[in-house]
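Trainee: Sequence:
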Amino acid sequence: MTTTNSKPQTAPRIKGLDIPTFTDPHDKRAWMLQHMAGVLRVFGRKGFNEGCAGHVTIVDPVDPSSYWINPLGVHFSMISASDLVQVSSEGKAIGGSMAAFNEPGFKVHSALHKARPDVEAICHAHSFYARTYSVFGTEPEMMSQDSCLVHNNVAILDSYDGVGLDEVEGEKVAAALGDKMAVILQNHGVMTFGKTVDEAGYLHILLENMCKAQILANAAANFPGASKRVISDKIAKSAFNTISNPKSLYASMQPDYELEIYLTNGALLN
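Going by the numbering used here, the first residue of the sequence shown is number 1, and it counts up by one from there.
Keep in mind the hints are simulated off the structure, nothing from the lab. Check the hints yourself; a few may be wrong.
[Claimed, not checked] Derived pair list, reagent style PhoX-like, types lysine-lysine, alpha-carbon separation capped at 20 Å: (1) Lys212 x Lys195; (2) Lys28 x Lys195; (3) Lys46 x Lys212; (4) Lys247 x Lys114; (5) Lys180 x Lys195; (6) Lys234 x Lys180; (7) Lys247 x Lys195; (8) Lys234 x Lys28.
[Said to hold, decoys possible] Label pairs and their computed distance ranges (CB to CB): (9) Asn265 x Ala100: 25 to 31 Å; (10) Gly91 x Gly178: 37 to 43 Å; (11) Pro25 x Glu103: 22 to 28 Å; (12) Asn270 x Thr242: 35 to 41 Å; (13) Pro25 x Lys92: 29 to 35 Å; (14) Asn241 x Ser82: 36 to 42 Å.
Backbone N, C-alpha and C define an ideal beta-carbon position, used for all residues, glycine too.
Full structure from sequences and hints, please.
Mentor: As structure tokens, this is what we get:
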């Protein structure tokens, strides 16, 4: 178990579109926290905040029985790496800023991390179009090449039973998710999963845009003479196999991540 109130070291600046590798897990931790803060800042800039709702978690590479989560009540666009909180599998703050965090949300994410040990990051925000489209309880159509990045990889949890407060909710989401990359929670929003926080973050942005496009296309289809032509399952599958993988999804997040570093003059890294 990581020593109580452990402080992450500052990582050297790593640029590029390739996922870096590390020999020292402490270096990997510092890098992961910088990118987690960056993803949260991007979410803030894109308007994904809704009160205190929304949380991002990553598995700690030094102590994989623990996780990192964003602090409760801090706007996504204000978060830096040093604000993040390390939490034990028992739900106790043990490192980082030691700030308050969303305990029910952590319990849900903790159960999901246990169910999906192949992913290192989970993102969930109450973004507007995703939670609006979630009322339909259906997967967005393959309307563009970008949509094909998640072809046949968006699960549906087609019920809303109230606010999830414990691991049981996480287990229910995990059962619906299976081995897919994302899940639409009916009447709630979306959750996305990745081998890096960058991948999970980009998938959340992608799903938000897909839901927005679906709502607009459905509305436009009501006009006389308008009709939709979606991508066939065969072509969508081929596109998915060509362009969708952890490396490409990580790379897709880097322009927004680099913009946040530029806009904050590097403050999010500290």
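Trainee: Each hint: holds or not?
Mentor: Tested hints:
{"no.": "1", "hint": "Lys212 x Lys195", "result": "violated (25 Å)"}
{"no.": "2", "hint": "Lys28 x Lys195", "result": "holds (13 Å)"}
{"no.": "3", "hint": "Lys46 x Lys212", "result": "holds (13 Å)"}
{"no.": "4", "hint": "Lys247 x Lys114", "result": "violated (23 Å)"}
{"no.": "5", "hint": "Lys180 x Lys195", "result": "holds (12 Å)"}
{"no.": "6", "hint": "Lys234 x Lys180", "result": "holds (19 Å)"}
{"no.": "7", "hint": "Lys247 x Lys195", "result": "holds (9 Å)"}
{"no.": "8", "hint": "Lys234 x Lys28", "result": "violated (39 Å)"}
{"no.": "9", "hint": "Asn265 x Ala100: 25 to 31 Å", "result": "holds (28 Å)"}
{"no.": "10", "hint": "Gly91 x Gly178: 37 to 43 Å", "result": "violated (25 Å)"}
{"no.": "11", "hint": "Pro25 x Glu103: 22 to 28 Å", "result": "holds (26 Å)"}
{"no.": "12", "hint": "Asn270 x Thr242: 35 to 41 Å", "result": "holds (38 Å)"}
{"no.": "13", "hint": "Pro25 x Lys92: 29 to 35 Å", "result": "violated (21 Å)"}
{"no.": "14", "hint": "Asn241 x Ser82: 36 to 42 Å", "result": "holds (40 Å)"}
Hints 1, 4, 8, 10 and 13, counting from the list given before, are not met by this structure.
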